[in-house]
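Trainee: Working from the sequences, and respecting the hints, build out all of it.
Protein chains in written order, with my numbering: chain L, 1 to 527; chain R, 1 to 504; chain X, 1 to 120.
By construction, these hints were calculated from the structure, which means they are not laboratory data.
The reader is advised that the hints may include incorrect statements.
Restraint ranges, calculated between C-beta atoms of paired labels, are given here [what the hints assert, rightly or not]:
1. E420(R) - V218(L): 13 to 21 Å
2. Q216(R) - G27(X): 41 to 49 Å
3. A79(R) - G27(X): 32 to 40 Å
4. A183(R) - I99(X): 25 to 33 Å
5. G73(R) - R200(L): 38 to 46 Å
6. T493(R) - L7(L): 19 to 27 Å
7. M300(L) - S333(R): 53 to 61 Å
8. R200(L) - V12(R): 54 to 62 Å
9. I99(X) - L56(R): 22 to 30 Å
10. L16(X) - E420(R): 41 to 49 Å
11. Y187(R) - V102(X): 33 to 41 Å
12. L305(R) - A17(X): 52 to 60 Å
13. L104(X) - A183(R): 21 to 29 Å
14. Y187(R) - I71(X): 23 to 31 Å
Owing to the predicted nature of the structure, the values given are computational and were not obtained by experimental measurement.
Cβ coordinates follow ideal geometry from the N, Cα and C atoms, glycine included.
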Amino acid sequence: MGFPLLLAIIVTPLVGAVVVALLPAARTEVAKALGYAFTGATAGLCGYLLWHFQAGDRGFQFVYDQPWIPGLGVRFTLGVDGISLFMVVVTGLLFPLGLLASEKYITHRVKAYVAWFLLLETAIMGIFLTLDLIAFFVFWELLLVPMYFLILGWGSARRKYAATKFFIYTGLGSAFLLASTLVLGFLHQADTGVLTFDFRTLADWNGLSGSAEVLLFVGFMAAFAIKAPLFPFHTWLPDVHTEAPTAGSVVLAGVIIKMGAYGFVRFSFELFPQASVDLAPILLVLAVVGIIYGAVVAAMQTDLKRVIAYSSVAHMGFVILGIFSLTVIGIDGAVFTMVSHPLTTGALFLLVGMIYERLHTREIGEMGGMWNVAPVLTGLFIAAMFAGIGLPGFSGFVGEFLSLAGAFLYDRPFAIVAALGVIFAAVYMLWPFKRAFAGRASGAVVRMKDLDLREIVVVVPLLALSLFLGLYPKPVLDRIEPAADRAVRNFERKTDYRSPEESRDRRDTERRVEREQRRAEAREGEK
Amino acid sequence: MIAAAPIATPAVDLWAIAPIIALVATGVGLVLIRALLRRNQAVTPVCFSVAVVGLLVAAGLLARQWHRVRDDGPIVSLADMVRVDPFAVFLGIVIVAATLAGLLLAYAYLRREDLEAPEYFALLLLSAAGMLMMTTANDLVVVFVALEVLSIPLYVLVAFDRRRLRSQEAGLKYFVLGAFSSAVFLYGIALVYGATGTTSLSGIATFLAGNTLFEQTTLLVGLGLLLVGLGFKVAAVPFHMWTPDVYQGAPTPVTAFMAAATKAAAFAAVLRIVLTAFPQYRDDWRPILWVLAALSMLVGAVAALVQNDVKRTLAYSSIAHAGYILMGVYAASSRGREAALLYLLVYAFMAIGAFAVVMIAAPGPDDAKHSYDDYRGLAVRRPVLGGLLIFFVLAQAGVPLTSGFVGKLELFGSVAQAGETSDYVLLVIGVLSAVIAFAFYLRIAWTLVTAPDDDTAVAAAYSTRPRRVDGWTGIVLAGAAALTLVVGVLPGTFIHFARDAVFF
Amino acid sequence: MTEFYRSYLAVAVLILAAIGMVGFMLGLGRLIRPVRAQEQKYIPYEAGSDPTGTFGQSNVRYYVFALLFVIFDVEAVFIFPWAVNLESLGWFGLVEMTIFVVVLTLGLVYAWRKGVLRWA
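Mentor: And the structure:
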């Protein structure tokens, strides 16, 4: 084993958090600089990971394995595949930007802010990279602590309520996650005599009885559905988004709410294939309800940040829709949306944060006429808005289209109803836009300053990336597809579910995967 | 005329009870030193040194015993009444460590509160001797004697701060309820003796294995009463009512000692009695423990949520922790015992650490101000002290990379392994309780990092000169923090240690 | 009902009889006695003299002495059976008893040095 890259990705921000925490409180400049250095270094490692990732490989790469709690068979196992790869990369990208965006907004107790922020990055990276269920839970739980402190310490007026709500919802979810994990591990031990929580071993094991599988699936689902957030477990999301500091919102929308969807694909699918297949219709119904409900409620909001928060509920509906269509193309689309949504929503949250810094309000009614006063802001907002709506050419379109296609293959009514959500999206984004930006400027808006260079630098990369992926999604899809294909094959191997996808498409995928593998082997051979 | 037939005196292996003798001798010696050096200024330092030496000797003896009993099997002596096995030695080490902490913490505390130091040291050591006796007891009568020996000094210790009304109240409350529970326990012994004809734990097991009872009510009622009596000592719901008042009222070093050592000793008795004497009646006592564990976890966590006093919150949380440990007893497996032992070890240090900070950090001269407002902004004013308290409460909450997490995981795992539906229900209750507990632990942590809202409170907090952390307390804090961190990050050694100790 | 419990039946009957007897006698007295309320009749009886109004007449020092007495009382309870069997217990018994007495004496020394034994 060479350099433990994945371990480094997790440990770098942790080291940063400790170092920053040990600084004297007065040295805010040093704290900030170290924050950039450590998030930047992590981002660099993520870039290295992306570069060296083998596109055609179905399995896990860069695997790192260490015993941790020997008595319980808990190991510290890390690995990355096409599904987690992009979540890691997006996380690596969002954190330095989030810090940059906080530059003006966070003025008090900067040191503590930076430290918690770095700890948050460790937790998130850990969640996406671990292959041991207990270690996964560890990071899942660890996430609560920095998030709680970030909301409480630097949120807006009703932060106490929001932090408590976030805490209760996700805490309850993780309670069921831990219980189910332990039960699963010990059932495996009772059957095979080996006590392990290694995800790959448990996924290969086929000894669960039908009812146990359903119960455990529901236990895992409790955690994932709350985090996703799936309708009707979503009510914490708008509150937390509204109260959290901007960088918190960006990270929350960008990666934290993807963890639920990630959990479904990574763990529920492979550990409980039969239950996933059996319960898929229920989750599809919830996803579709979430899409429509999120869109309708978003259109009703008067607070610009809440509009975006509810739009996230709708977007996550698309992700769940794609995942539980149980098709390669649907899962492709879902994971792609998970990559694209942080870019578009992140940009929108950042822009709303910048508006708030200027006007000290997020009420749409108190805005109006910003177009004339701040043309750069408006231009970027328009771009971000269209990216969010899913205009062809932006990445949002690709993901939603593929998800819908998957749902269409699974069962048409789901796709037809869900497609309405795309139309609603135009309504809930364009209507507030008209009220906030068009018209005559009045009140505080008149004296509003346009974006400065720093702010442009924060937002533009996200939008550029979204545009790039919208125009040329192939590199991302190439890396997601083998992993998605593995998930669907897993269903076909373990259950009597058969993917409705055209066999020709599957053969294509198959052939491409083999070709990539041959190429990779050839490359290895050259070395 | 009674014939002068020689009475068979039992073989006495002094080696087996050497740690107990060391503690008792030191305790009695302290009383003598105190009596002789009545007016001498040096009496406190001298007594303190003697007490520390006595404890270190006991610890050394326990360490020697550990290797011997682990490799050569348990030492059974004094007519089968004392059984020194890895289990006993493990808990003995926990108890001696906790006693040492209680001693070191008290040195500065007693001077600050102007209390009689030598008597405190003597009572502490005598109570610890009772606890060691409890861990090695292999006979219900010895368990009872040990219970009294450990309790009576504790009653005095709790009321030791006799100028403070709350301390007196706590002492009286603990005494009345403790005496009551002792009586209940004694009645349980009588009934069990009536049913089986012996008070020896292994004797009871042999009898029950060899005979089928015609009529079980007496035995079951007796067993139930034994569990009630011990339930008081471990502070399990519904026998927990004294805990918050006593923990809050007692001098803080005593609270730390009680939370760590009394729990370990009482659980030693619980584990030994149910597992050694009544393995045949597993299906009868397990439901009782199920209920006790579930109630303790839920009531402890929920009640802690609504407290406004840090010490009281920690008291309620100790009830919840008793519930977690009861899960390990309930599991009635080797893994369950291992988990319970490990948890007793790690909880001892988490609790001592937290109470040590509480002892230093409370404002005001008389150890009475522990409300959340008194602690607001502690971590801002005194980063190291506040940071340590945050660390200890997060460890108690079971945050990963702390010993609390490893311990909880082991306990939950032991219940998950048991594999029945009711086990899973208990598991879910336990995990839910852990989540609720998380909420109030985070609340404490949050209180510590926020500055007070109004300026007068800030002024008041800054005007009282912060209390210095004396060297002994510093040692305790460093030790507790180090152990909590090491077990959390590299649990391997300690799990092996606990695993070696599961053997009766 | 088993034989074991039947033997306790007599005890139960005796308890019931005792309660019944007391109830009967008090009840009968209440029925037949004349009731003439006078204030003096409601004063607590204290050896014939009028109560002075405050409680706590017994000095706390009595309590300390009582406690010391109980300790040595219990000591005697242990020493008598030992003395009766002194021959058969031999040296072992002697050593044990010496330790026991020494420990108790230490307690007495402590009490003495603390000034418990002085009356003033």
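Trainee: What hints, given by number in increasing order, does this structure fail?
Mentor: Going through the list in order, the structure violates hint 3 alone and respects the others.
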